[in-house]
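Q: Okay, here's what each chain looks like letter by letter:
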Amino acid sequence: MTTPSRDTAAAMRASAIHAGYPGVPVLHGVSIEVAAGEMLAIVGPNGAGKSTLLKVLGGSIKPSAGSVELFGRPLDSIDRREFARTVASVGQENAVTFRFTVLEIVLMGRAPHLGAFGFESPRDLEIASAALDRFDLLGLAARHVQELSGGERKRVFLARALAQEPKIALLDEPTAFLDLKHVAEIFARFRQLCAERGMAVVATLHDLNAAALYADRVLLLADGAAVAYGTPAEVLTAENLRRVYQTEVYVGRNPSTGALIILPAALPNARA
Amino acid sequence: MNPAAGNHPPQRNSAAHLTRSRLLRILAALAILLIVCAAAGGLFGSAHISLVRAFSDPGSPDHAIFFGARLPRVLMGVIVGAILAAVGTALQALVRNPLAEGGILGISGGGALGAILAMVMSAKLGGGEVAVPLCAFGAALLSTVAVYRLAMVDGQLEPFTLLLVGVIFNAFWGAAIMLVNSVVNFYYARSILFWLMGSLEAPTYREAAMVAGLGMAGFAVLMFQARDLNLLSLGDESAAELGVDVDRLRRTIFVATSVMIGAAVSVSGIISFVGLIVPHTLRLVFGADHRLLLPASLIGGAAFMVAADLVARVAIAPAEIPVGAITALCGGPFFIYMLRREGRRTLSL
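Going down the list, the protein sequences come from chains A and B.
Okay, so the first sequence: first residue is 69 according to my numbering, each after it adds one.
Okay, so the second sequence: first residue is 3 according to my numbering, each after it adds one.
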């Protein structure tokens, strides 16, 4: 499969990536491209290599072959602090060792913008407050992260990523374990950011309906290789999904909004 | 999402994050505490002295006691306590474990063995003044790296493995020191015991100045890593994603803390738990930001050590308890309390 050519310049482009862990190759020649203001969803079964691909884009795993470019510059030519000012990552696990407050965690997002020593300026504080505000966390600013619910904690880390003022956000399962309302609100916030700031968002998702609803483009991964790449309607077809997930899938349209709906369609008597 | 109840702008909420004025206020308060402790340490002891006479009459016994015995003791307490507590804070941040400390991790033990070997050797070859702290530093660094490496399981630092490895190192160095103790003559044996128990006794002003210099140099290095240490609380990967060179940070902290522990151990022996009690208490009261916590533990550690030494001197006067025994008597139960607490909370203090 070839990378589709685009009229907008790519914010991030990965070409023919091979990567993995010592002795365990995971990705076999995956290429993606995300433009400013665009949301790209990476979907696929467990173990398909979604998180690994995200880590390659975030620079924490070096690809064994292939290249990653950030606004046309190869990743290894970019200083790590400059990279942190451009790309923000939010992983699946968000453990914090000591009792930092919510505001302190979000202010940590300012670190790549600050000198070696010293304090955050009023502007840094403004940016952090705006990030808290966007995720409705202002009232929790003085609370310790350890006291928060899973959903609140997730939002704290998304706000921290926002405080980095990145041009690209890499989100690993940003809405896992969250309820419907929070899923909708978090995607709505990132869609806003894509529109307002031209932020590019790359998110791994298990929830195919969320991918269909919110993403501009979808990459369907299976066994470390791209199966399909394009708009949700092009990628999330019953045939593609059946092949990749090896189960019957129903793909329809919401009669009132026209949005794609994806449901498992295994026969009811299959359990008997 | 939740409509925020009591929606304060965080700018006005000084407890929500560290500001320069909050840092200065807290450090000033701790400095006052230190001055009070130091004054008490100078005034009180097994003998009653008059400060007026100590300063006015250089021939008086008061003068000799104050300048010859108490002042150096208080100075050593300040220097050693400051070093141990600041090192504890840095190590806890580095290994992301509030139970880490130079004594508990066996680093001080390694340093003490290095110092003792250097002392025994240099008695024959000379050059002990340089060789003792140098060997203490080398052995402390070796211990730090070994403990850290052995506690790594699949590239992850296991909190409880780390403590177990520390315990084993502690026992091992202790045994090695006893072995040296049994093969050298009586003269050394007495000073070896002194090293094992920890004491603030009998350093010269020159030694004190050297230890203070090494301590301050190490501390300056730590202070430059303070914000990176904050970021490390999010995990190695997140810290790296925020622009921290984690490997470089780790090496820097290893070397700086080993210099500091080596310097402290070479004059005071193994004094445990100071690096545990002081940072933990300060973190509970003032929060986790290392830009505050590092200087606060420097001053707080000094105050704690001077106070502990005062207790050691007056509790059973005219006899004296080794100060290491006092800190361990406070620290042992404190450690167990924290271990129980942390066990329940899966070490996420």
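To be clear, the hints were calculated from the coordinates, so they are not data collected in a lab.
Glycine residues also receive a C-beta, built at the ideal position from the N, C-alpha and C atoms.
Just so you know, not all the hints are guaranteed correct.
SDA-like mimics (lysine to any residue), calculated; alpha carbons at most 20 Å apart, straight line [stated by the list, open to error]: (1) A:K130 / B:D249; (2) A:K130 / A:L216; (3) A:K235 / B:D156; (4) A:K130 / B:R250; (5) A:K235 / A:D284; (6) A:K130 / B:A177; (7) A:K235 / A:H250; (8) A:K130 / B:D247; (9) A:K130 / B:D238; (10) A:K130 / B:V316; (11) A:K235 / A:H86; (12) A:K130 / B:G237; (13) A:K130 / A:E106.
Some chain A residues well away from chain B (every beta-carbon gap over 12 Å; in silico) [what the hints assert, rightly or not]: (14) E106; (15) G177; (16) R259; (17) E264; (18) P332.
Q: What hints, given by number in increasing order, does this structure fail?
A: 2, 3, 6, 7, 10, 11, 13, 15
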